[in-house]
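Residue numbers (my numbering), protein chains in the order written: chain A, 8 to 313; chain B, 1191 to 1484; chain C, 173 to 487.
These aren't lab readings, by the way, just hints derived from the structure by calculation. Cβ atoms here follow ideal geometry from the backbone N, Cα and C, with glycine treated the same way. All clues stand as given, with none of them false.
Which stretches of chain B does chain C cover? Using the computed rule of at least three CB atoms under 8 angstroms from a CB of chain C, they are:
#	stretch
1	1207-1214
2	1220-1230
3	1299-1309
4	1312-1318
Computed Cβ-Cβ distance ranges for the label pairs, DEER-style:
#	chain 1	residue 1	chain 2	residue 2	range
5	B	Arg1305	C	Ala416	56 to 62 angstroms
6	B	Glu1452	A	Trp105	57 to 63 angstroms
7	B	Ala1371	A	Trp105	55 to 61 angstroms
8	C	Arg438	A	Arg277	26 to 32 angstroms
9	C	Lys388	A	Arg82	41 to 47 angstroms
10	C	Arg235	A	Ser266	43 to 49 angstroms
11	A	Gly136	C	Gln247	32 to 38 angstroms
12	C	Lys388	A	Glu177	16 to 22 angstroms
13	C	Arg235	A	Arg82	54 to 60 angstroms
Not close to chain B: a few residues of chain C, all C-beta gaps over 10 angstroms, as computed:
#	residue
14	Asp187
15	Gly207
16	Pro244
17	Arg382
18	Pro403
19	Ala433
20	Arg435
21	Arg443
22	Ala470
23	Thr474
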Amino acid sequence: MSATIQARELSKWFGEVIAVNNMSVEVHPGVTGLLGPNGCGKTTFLKMLLGLCAPSKGEVALFGEPPRHNRGVLRRVGYCPETDDLFDAMTGYEFIYWLNRQWGMTGAAADKRAREACERVGMAERMHGLMTQYSKGMRQRIKIAQALALPAEILIMDEPMTGLDPQGREEMFALLQGLGADGRTVLVSSHILYEIERMTDEVLMMYQGGLLAQGRVREIRALIDEHPHTITVECANPREWINRLSAVPGVIGLELTRSGLTVRTNDPNRCYQRLNDGVLEDGADIQAIQCADDNLQAVFDYLVKR
Amino acid sequence: MPVHRRTYRSYEGDIRRHFRWAIITAQDLRVLFKFRIVYLLLIVAGFHIFFRVMHVVSYNIAMQDPNSVVAMLVREANLLAVDGALFLGFLRIQWLLVFLIILFAGSGAICNDVRNNLIEVLFAKPLSWRDYALGKFVTLAGVGLVLTVVPVLALILLHNLMAPSWDTFNESVAWIWPSVAFSLLYIVPAALTVLAASALLPQQNYAGACVVALVMLSGAIHQIVSTLVDAHHMWAGFHALSVPTAINHLGERLFHEPVEYELTAAQALASVLVAAVAAGAVYVWRVRRCEVLR
Amino acid sequence: MTQQAAGGDILRLQDVTVRYGAFEALSRVSFDVSGGRVGLLGPNGAGKSTLIRTILGFNRAARGAVRVFGLPMPQKALEARRRLGYVPEREAAAHTVSGVSFLTYMGQIAGMSRVDAMERGHEALNFVGIGDQRYRRMETYSTGMLQRFKMAQALIHDPKLLLLDEPSNGLDPEGRMEMLELIRDVARLRNVSVLLSSHLLPDVQHVCERIVILNKGRLVQDGSVEELTAPRERQYEVRTRDHANAAGIPFQETLESAGFACRAERDGLLRVTLPEGESPQRLFVLASEHGTQIRHFAPARTSLAEAFLQAMGAS
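The shape of chain A in the complex, shown without the other chains (with noise of 0.2 angstroms):
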């Protein structure tokens, strides 16, 4: 699976005021989660991508290619931006409609391209309605709809759950996976981290302008070295399991809880075995097993706070 995104050191300063510092990054076909705090270069990254400002230095490419002023490029992109300014004399039909038309197809295929695109996001009934009208969700959903309208391989969608009530957000997880499984490239940033992590396991982090970890949540877990596993394990009888794991190497601290234990180790694959073992061999009961801090915010928190 070829890249179809790539950038190679590059950088981007305002002045003094370094935006981008250094990044290179390859992102493949599938549903990728971009995020980072306030500041992290994210929105200048993505115009990057767009071709909407040059790198200062190094080099950015979409299929290959650089994306500035590329149309042939920038035609087999779809963009939904973070911020909510629309035609509002237009009805979110005609929107979508005349961008289709900018971008080069038909009115025929446009209108019918325009009109599927207003389906997949719920609003073919609303689609003829002024967007002065619309309510934020639906606003959303229109914004949605303009880059799926087109033939695009690569998505962009900054913030695109913004607005969204929780079943339409479900919906979109699933019309993103979707899309991500068809063979496109979805890039998703978003400050929502469970909303990520609910997309897709690939994520990329940046802060304070440069790319600061880029893979499978887990795995990116797995080589943050100074901060042990916690593992929680709920069980009526927690004083045998301290004394089954105290023996078990790697392990560095084991605290009762209320409903438990928790185990903080530097091996987790020994202790999960221990306590896997432990359930089969001496029949001890446990209730549950998790671990607290392999998710995406945990991550997240642990990168950008050490």
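Mind docking chains B and C on chain A? Use the hints.
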């Protein structure tokens, strides 16, 4: 310890219930004086006041020697006299500047709050629409009165100080009421119109343009009416259709100056009242809707 | 001022109906709040904003009674608002003035003297974590700061009920966690009741103890978070170290062929239903036979999202 684990005190102080509108006025004035253009307009207004002060001072210096040539010229040619015409003239010219300031300060008064989504935040506090409407109005009217009535009073005081006598006093006091009335006659409708436009239109620029358009419309009406009345001897009352003409006419009557058009005071006053009430009604209606939806 | 009898000390809605012209935005909604943190959920257009506006006294109920702190609304709206704090969804900023100046103004409108308002303004800004930026004009503020600022203006007059509409909008991950902790702190340290409206269900679950769900203007669910996310019988979430064993057979297949109903969720998580008579230990046995380790094992709880969608489906 993260910052937010510190807490804040309970509030056990008094709650002020009255004059909430004064808070709105104070804040609007603070915001207004952050703009340099306001200082520019105030400087120009200041020059105008200074010019009138010089007028009063020169007159009084000239009159100190009643037999001098200058004094005789003043009496014969009625130059430099400190009389009703001075105050009327002062107020008429000052009106231009006052109108500009009211326009600048008031055209964004309501619509900027709406655009910045402050309306929900303001009215979620114990603020009623009455306080809000009155506060905004007093800002504009206050600025206007400070530039009109206060200089008039200062000029009168100066005149009396330079030529103290019972006659002077009686004469000058007689100009206070017309000055106040005339100032109110053009400040109140102007302020209400600007506020109504600000409450109706979504942007400060549109509101300002709308008010300027109304003023120009009034001027156009005035031109048309003048031509018709002169050429076709139509009812002179039509002059009252142009609100600035009506206000000027009332000013002439108040200061006992010769009238330019054959209107009655009642017609002129009716015109001004209709304009003020209409603008006021629109303004109140829109502001009330900010707080009370249904 | 008369106090209502127990139940509904803070907020009481009885059979409230609110109409916009012919459209019924709220239909016969009744619930009480005596304290604590309540989450307000519902799809777009369900009437959440209408409900909040009715509590603030902007809407008059066509039928039914609304009492806030025992005061009938909207007649006593001005008095009630003295103890209500509102954090709106949309950005609210006075661009040309500094944060402190604007906050002082808000405090004065809430009824405080200028000096008091200034002092409390600074305290509120400390509480929400805005530092020296407070002296700069609000047009220079980032989204995160504006969001915190909205919180500060809602707290300056020491309200007893805080109404929040999407408070974590636009905040980065750290900012979101801080905002949620801030809300929990306010509720705990200052004994403030909270009504939080949001589409981010995990956030609501983190902050609130009780959930109220609206759909199409009606109240369809009112229960504690514990009740709504109760563990399911005989259902477990399981994740193993490896997706498939050395032979390439996924663990899911092994489970299914042993008679366990299995559904794959995201991220390698399996939702397994134990057949009658089987104990959870069997899962570990199967994992060992399969050649892998179980790394995540917990009783499956209904997530708030599922509870919400169920409530929508039922109504």
